[in-house]
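Asks: These are the residues of each chain, in order.
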Amino acid sequence: ETGVTQTPRHLVMGMTNKKSLKCEQHLGHNAMYWYKQSAKKPLELMFVYNFKEQTENNSVPSRFSPECPNSSHLFLHLHTLQPEDSALYLCASSPLLGANQPQHFGDGTRLSIL
Amino acid sequence: AQSVTQPDIHITVSEGASLELRCNYSYGATPYLFWYVQSPGQGLQLLLKYFSGDTLVQGIKGFEAEFKRSQSSFNLRKPSVHWSDAAEYFCAVGLTLNSGNTPLVFGKGTRLSVIA
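Chains as they are written, first to last, in the numbering used here: chain A, 12 to 125; chain B, 2 to 117.
Since the hints were made in silico from the structure, they are not lab data.
Below are the SDA-like pairs computed for lysine to any residue, each with C-alpha atoms no more than 20 Å apart in a straight line:
{"hint": "1", "chain 1": "B", "residue 1": "K109", "chain 2": "A", "residue 2": "D118"}
{"hint": "2", "chain 1": "A", "residue 1": "K52", "chain 2": "B", "residue 2": "T111"}
{"hint": "3", "chain 1": "B", "residue 1": "K109", "chain 2": "B", "residue 2": "D9"}
{"hint": "4", "chain 1": "A", "residue 1": "K30", "chain 2": "A", "residue 2": "R20"}
Computed beta-carbon distance windows for the label pairs:
{"hint": "5", "chain 1": "A", "residue 1": "S49", "chain 2": "B", "residue 2": "S85", "range": "23 to 29 Å"}
{"hint": "6", "chain 1": "B", "residue 1": "A117", "chain 2": "A", "residue 2": "S123", "range": "29 to 35 Å"}
{"hint": "7", "chain 1": "A", "residue 1": "T27", "chain 2": "B", "residue 2": "K69", "range": "50 to 56 Å"}
{"hint": "8", "chain 1": "A", "residue 1": "R20", "chain 2": "B", "residue 2": "T13", "range": "26 to 32 Å"}
{"hint": "9", "chain 1": "A", "residue 1": "R74", "chain 2": "B", "residue 2": "K62", "range": "35 to 41 Å"}
{"hint": "10", "chain 1": "A", "residue 1": "K33", "chain 2": "B", "residue 2": "A30", "range": "36 to 42 Å"}
{"hint": "11", "chain 1": "A", "residue 1": "K33", "chain 2": "B", "residue 2": "R112", "range": "25 to 31 Å"}
{"hint": "12", "chain 1": "B", "residue 1": "F52", "chain 2": "A", "residue 2": "K33", "range": "29 to 35 Å"}
{"hint": "13", "chain 1": "B", "residue 1": "S27", "chain 2": "A", "residue 2": "S70", "range": "19 to 25 Å"}
{"hint": "14", "chain 1": "B", "residue 1": "R70", "chain 2": "A", "residue 2": "K51", "range": "27 to 33 Å"}
{"hint": "15", "chain 1": "B", "residue 1": "S53", "chain 2": "A", "residue 2": "G25", "range": "48 to 54 Å"}
Note that beta-carbon positions come from the ideal geometry of N, C-alpha and C, so glycine has one too.
Here chain B stands alone, though its shape is the one from the complex (with noise of 0.2 Å):
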């Protein structure tokens, strides 16, 4: 079954400290992918896409995402993370099905904490 996995549901990191988290997909084509971030209480923001090209993309707010095509991931890193980034990540996947149509899948989401 075609699906979005983000095998971690909550991580605690201290501030300063770099940031991984991490996404994989199983589609038979490589799809568009996504990152968005959700504070509490508000809607769903776009960090960063990749279509096609360069492997590594750079999204807002310093992060970037890379493209693992052989491992099938989409990693969303911050090589050094504020108190203003706790909120809930979620891993996102554009497909064209042969219906036509074209949902956005999502996974499930993993919940940062910042430690000071």
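This is chain A alone, in the form it adopts within the complex (with noise of 0.2 Å):
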């Protein structure tokens, strides 16, 4: 139990659906962040939220969408996915953001797009 939960744990998905991924931590963490992870390819941060407000967004299409309604919960909308969107998506949370913050993983959820 890392205390970052992720739902679903796997997803398949055509091109046209919309979906969304859910990330809850218990830790009382005020920093979130949504990584990518694909085969072959370095950890690719993709939005950072430090209490509620996005402070990160890496050049990540529009088809991903994040929310952060509360410090403890982050959503990842997805519409419109492109099959090279198949990966393993990692949140993180922090109890603040900083260089020194060591950052705690749910277990990710593995996206296939069909």
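Join the two chains into one complex using the hints; note that each chain is given alone, in its own frame.
Replies: Structure follows, in structure tokens:
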């Protein structure tokens, strides 16, 4: 139990579908992150939220839309995805936003685009 | 360019043997340094971190890492590997940019296989 829960664990969707990934943390942290992990590629930071405010968007396509309603919950809304978007999507949180803040990760959502 | 390098993509060791995983970084100042482990089907788990002080840091699961400023390295070690240590290991650095953003930058990972 890492304290960061991601649902669903697996998701298969067509390119025209709309779905959402959910992340919830029970650690009292104030910063939350979305990462994309593809085979044979480094971990890619997608979005960063600090006290519910988005602070980073690493040139992520608009077909990915994040939402952070409070410091404990983070969503990633998906629509019109492409096959290359198939990957493991990891959520993480840290107490604060800072270079010395260790991040705690969920187990990820394995996304497959048909 | 600023980077984190893990030179070994895949390492195989025998159970009970010692292990050293390499990590090098290229930054102007000493960054904050982390090692994470990812078991199959799971997220990343923090093994240990270095911020300052004693350059040899102890982590969970019997791992340790040594920071060497002269070599810009932060290698992970374990004296005796167990089969359950088979996983992917990631080195990461945290740095404060002028923009105020503070992303963690991860290496590409080293996959560890353990044989009997």
